[in-house]
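*Asks:* Based on the hints, put chain B in the right spot on chain A.
These are the residues of each chain, in order.
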Amino acid sequence: DGGITQSPKYLFRKEGQNVTLSCEQNLNHDAMYWYRQDPGQGLRLIYYSQIVNDFQKGDIAEGYSVSREKKESFPLTVTSAQKNPTAFYLCASSIRQWRNTIYFGEGSWLTVV
Amino acid sequence: GNSVTQMEGPVTLSEEAFLTINCTYTATGYPSLFWYVQYPGEGLQLLLKATKADDKGSNKGFEATYRKETTSFHLEKGSVQVSDSAVYFCALSDLTSGTYKYIFGTGTRLKVLA
Chain A
1 DGGITQSPKY
11 LFRKEGQNVT
21 LSCEQNLNHD
31 AMYWYRQDPG
41 QGLRLIYYSQ
51 IVNDFQKGDI
61 AEGYSVSREK
71 KESFPLTVTS
81 AQKNPTAFYL
91 CASSIRQWRN
101 TIYFGEGSWL
111 TVV
Chain B
1 GNSVTQMEGP
11 VTLSEEAFLT
21 INCTYTATGY
31 PSLFWYVQYP
41 GEGLQLLLKA
51 TKADDKGSNK
61 GFEATYRKET
71 TSFHLEKGSV
81 QVSDSAVYFC
91 ALSDLTSGTY
101 KYIFGTGTRL
111 KVLA
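Residue numbers (my numbering), protein chains in the order written: chain A, 1 to 113; chain B, 1 to 114.
Just so you know, the hints here were simulated from the structure itself, not pulled from any lab data.
It is possible that some hints are incorrect.
[What the hints assert, rightly or not] Straight-line alpha carbon distances no greater than 20 Å define the calculated PhoX-like cross-link-like pairs of lysine-lysine that follow:
#, chain 1, residue 1, chain 2, residue 2
1, A, Lys57, A, Lys70
2, B, Lys56, B, Lys68
3, B, Lys77, B, Lys111
4, A, Lys71, B, Lys68
5, B, Lys101, A, Lys57
6, A, Lys57, A, Lys83
[As the list claims (entries may be wrong)] Away from chain B, derived, C-beta distances all over 10 Å, residues of chain A:
#, residue
7, Gln50
8, Gln56
9, Gly63
Just so we're clear, the structure is a prediction, and the values are computed from it rather than from any experiment.
Using N, Cα and C, we set each Cβ at its ideal position, and we do this for glycine too.
In isolation and in its complexed conformation, chain A is listed as follows (with noise of 0.2 Å):
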């Protein structure tokens, strides 16, 4: 089945630990996106890539860096920079045409210990 697959579902960082959490998606989707929810609270674009090897800045994207090597992946890595990453990460992806849909995976929990 086609989808959006983010791993690990569960993370723990301990303070000072860069994490990594996996977005893959075989849509055949150019765009890819990632967005942060806090409990109660809408989302927060923190970072978006149209194409291969490119990606720019969302609305909160210090702390966290991207990489965008290959169409169907789109890691996100959280680094010891943002001060409170306990949230809720998820990963879209769109095709880049006009009225399209973004599609979501399941979700990523981090939270420091």
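*Replies:* Structure of chain B alone, referenced to chain A:
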């Protein structure tokens, strides 16, 4: 800039009640409009969409009509079920500076009581 405003929650209804969740938007272009649903601990799932004025999106008994004159896209369902309990997000997509961007509302939590 573009924005989406949806009604505050939580909304609590009895089973078989009528549901309305209000959503209004601001956009400089001609956006597509969406409703997504999120169940606890999961990602967002597309519920319905509309791509131009006066279009009606519908799915699983939910409906929403793209009203350009009132810049609204209210979600309705005639008879809710306990299984409809979730968080609902209104969203728009538009082309801004050559980039397709998606703007989401803050979400409205719906709780349906048996």
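*Asks:* Take the hints in turn and mark each one as holding or not.
*Replies:* Structure-based check of each hint:
1. A:Lys57 x A:Lys70: With Cα atoms ~18 Å apart, A:Lys57 and A:Lys70 stay inside 20 Å; holds.
2. B:Lys56 x B:Lys68: The given pair, whose Cα atoms are some 12 Å apart, holds under the 20 Å limit.
3. B:Lys77 x B:Lys111: Distance of about 14 Å is within 20 Å: holds.
4. A:Lys71 x B:Lys68: violated, 36 Å
5. B:Lys101 x A:Lys57: holds, 12 Å
6. A:Lys57 x A:Lys83: Status holds; Cα separation ~18 Å.
7. Gln50: Not fine: 6 Å to the nearest Cβ puts A:Gln50 too close to chain B.
8. Gln56: The claim is violated: A:Gln56 sits with its nearest Cβ about 7 Å from chain B, within 10 Å.
9. Gly63: holds, 21 Å
In the structure shown, a violation is registered for the earlier hints numbered 4, 7 and 8, in ascending order.
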